[in-house]
Amino acid sequence: MIKRLISIVLIIGICIPLSGCWNYRGLNKVSIVTGVAIDRNTENNNYQLTIETIDVSGAGKEGTGKSQLVEGEGKTIFEAVRNAKKRLSKKLYVSDVKVIIISNQIARQEGIKPSLDWFVRDAETRETAIPVISQEKTAKEILAASGVDGKIISEELEKIINSDREITASTKKIASYQTFDILLGGEKTALVLPAVHCTSNKDKKVVEVNGTAVFKEDKLQGYLSPEETHYYLFAVDEIAGGITTFPLNKENQDSLALEISKNKTKKSYSYDGNRLKVFLDISTTAMLGEVNFDIDILKKNNIEEIKLAANLAFLQRIEAVIQKGRMEFNCDIFGVGTMIHKSDPVLWSKLKENWDYYIQTMEVEVRPEVVIVNTGLTK
Amino acid sequence: MQREMISTRQFIYMIVLFLFGSSAVQGVSWGLGQDAWIALLLALALGSILALMYARIIKLFPEMNLYDVAEVIFGKIIGKIIIGLMTWYAIHLSAIVIRLLSEFVKIVTMPETPQLPMMILLFVAAGYITFSGIATLGKWALFALPLYLLILLYILILSTAEIKFSNILPIMEHSVITIGSASIKILTTTFGGTVLFLTLADSIKKNDNPYKIYLYGFFISAVTLVVIFLQSIMVLGVPMVEKSYFPSYTAARLINIGDFLSRIEMIIFYNFLLAGIAKITICLLVAVKGIGKLFNSTKQGLILFILCPFILLISTLEFSSVMELLNFTDVFQYYILPFQVIIPIMLWVGAEIKIGAKSR
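Protein chains in written order, with this note's numbering: chain A, 83 to 461; chain B, 746 to 1105.
Simulated from the structure, these hints should not be mistaken for lab results.
Where a beta carbon is used, it is the ideal one built from N, C-alpha and C, also for glycine.
Be aware that one or more of the hints could be misleading.
Incomplete in silico selection of chain B near chain A, CB under 7 angstroms [unchecked claim]:
#1 E816
#2 G820
#3 V921
#4 I922
#5 G925
From chain B, some residues computed to sit far from chain A (all C-beta separations above 10 angstroms) [said to hold, decoys possible]:
#6 V869
#7 L914
#8 F964
#9 E987
#10 I1002
Which bits of chain B does chain A cover? Going by a derived footprint, with three or more residues having C-beta under 8 angstroms, they are [said to hold, decoys possible]:
#11 891-901
#12 1059-1070
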């Protein structure tokens, strides 16, 4: 009898902690955050965050959800996020942040590492968020603009950037954990992040992806235009699509359009004790998508001419981008350091101290090889 | 108490789950970056030597556990001291494991939920298995390990999209000395803990092969730990693995298939729980047996009832933060030397002498 009594008491006792935990949050009590824009307030030097949240109450799918902007200010990012609660009835739920938009002033002056720390350290935020640099005056303007397709800018941006590699190949696909890998790693590869700006589309201000931003360590050095980024992607072997236009010969304008279907870039290097020489072997499979003048494609000479013109265009433009990265930005833009580190760590520890010198003086040889597999429906 | 026998397979599974206990949560990269898997394999090699010694002790005294062996070889007084030391080791180990597990839950999933109720619940589960006896634990292990491995396989397959093989290069970047000292750390924190299984050895049937049990157990768990580690490194990259407290969890967070299959990292959390409970249960079993031997009592329930709050006390008081807990491993590798090495060596040498004298 006593045993039964004790058992019953114990069972009830165990049920109490089993019934739920302190951290239960109902969906209607949270505001789901999709994007964060980080600015610095010049007057009091605080971080000014603009947070885009989805209003779930009005939606069945996110496509019809409305987005809302909330601002928060604080001395650190975490404080600013919490301070936004002072004007919000619901707590912010940051587990779905898709983009982190950083103003170019922060990126230039103090670097982005301090701003990104919270996004990696906090258990709720996701490491798959995409850090993006705003080319406008503030990062807030990006979120305040409207999107062409939908109303939620962060989601739009995320979808544009993620599908970019196969379609337009004009920006870089990167997540915040990869950003951290590059920033914390000792290999001194230049960090490259997507850059965003506002343009007008049918008299509305919309957000557009505009090439990439190049960093040295974690400070912004400059931008690569979408076209330059296209060739940069060739150099780092991250291209899987996109259109390349080039002229047939020097006098013509760009009049041939190649659609890239596959690309493989092999990097190799040779070091003879003094000079570093880097070779890029680029083999591209492409389809001729548009020809703006009269030419008989099936004639063998013409195909050869087009191939040579394509090779030449690639060669010149990729070399130009690499040159810009090395000379203008003075950074290892396409990962030579990483390559040396991974294949010959002893050599890397030797070169690493004067890496800037080697960047400036290394010779780069680009060897493109384009194969045109078809020319569409017409000859 | 009635002695219960366990099959070889159950014992192997128990050893594997025990070895997963805290290593799968913490990760094994002690500052080695991408070479940690080499240290793991080295630890396996060194651990196998230890295992041979442990298994030899079991072979020399079949169907007797460590406590009985100690008393037979060294007599009542020293035997009791050895029993006391091993029991203390089991108690301390279970305190550390339960602290680690509840810290993980607190940091990752439920920051505001108080830790003590969580730990109490874990003890209720582990204590119940202990109370039911080692046969129950064996049968549970037969079910729990395949489940664990299945979940692991699931995560592996899903993360193939994010894998970059070049992340494990360059191989052998670190000096042999660094790798060697890290492998000693791994050896002591994981493989060496299996010395506790000597106290459960009276459940191994006389005709079973203890060498097979130990070596299979070590091998399976080492291979799995290497796979877990390689997955974390190849998905996350070296700097992120070094910086995260729980790298395999962080790696699982990145899984995002077709935009709808994401946020499945909770499944890793479940895995941790499984392995953690296994380890705690085994430590509890060892401790309860030891105290029973020390005070000549067979009242398992009562011992458990007093032991669990005691372990809770230790785990809450010993470390004030996660950082202290993780830094403790630096001390731990020296602290366990008597338990994992010295006492077994004494027992082994004593056993060989004793058996040698008997056969003459």
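Looking at the structure, which of the earlier hints fail to hold? When the structure is compared with the hints, numbers 1, 2, 3, 4, 5, 6, 7, 9, 11 and 12 turn out to be violated.
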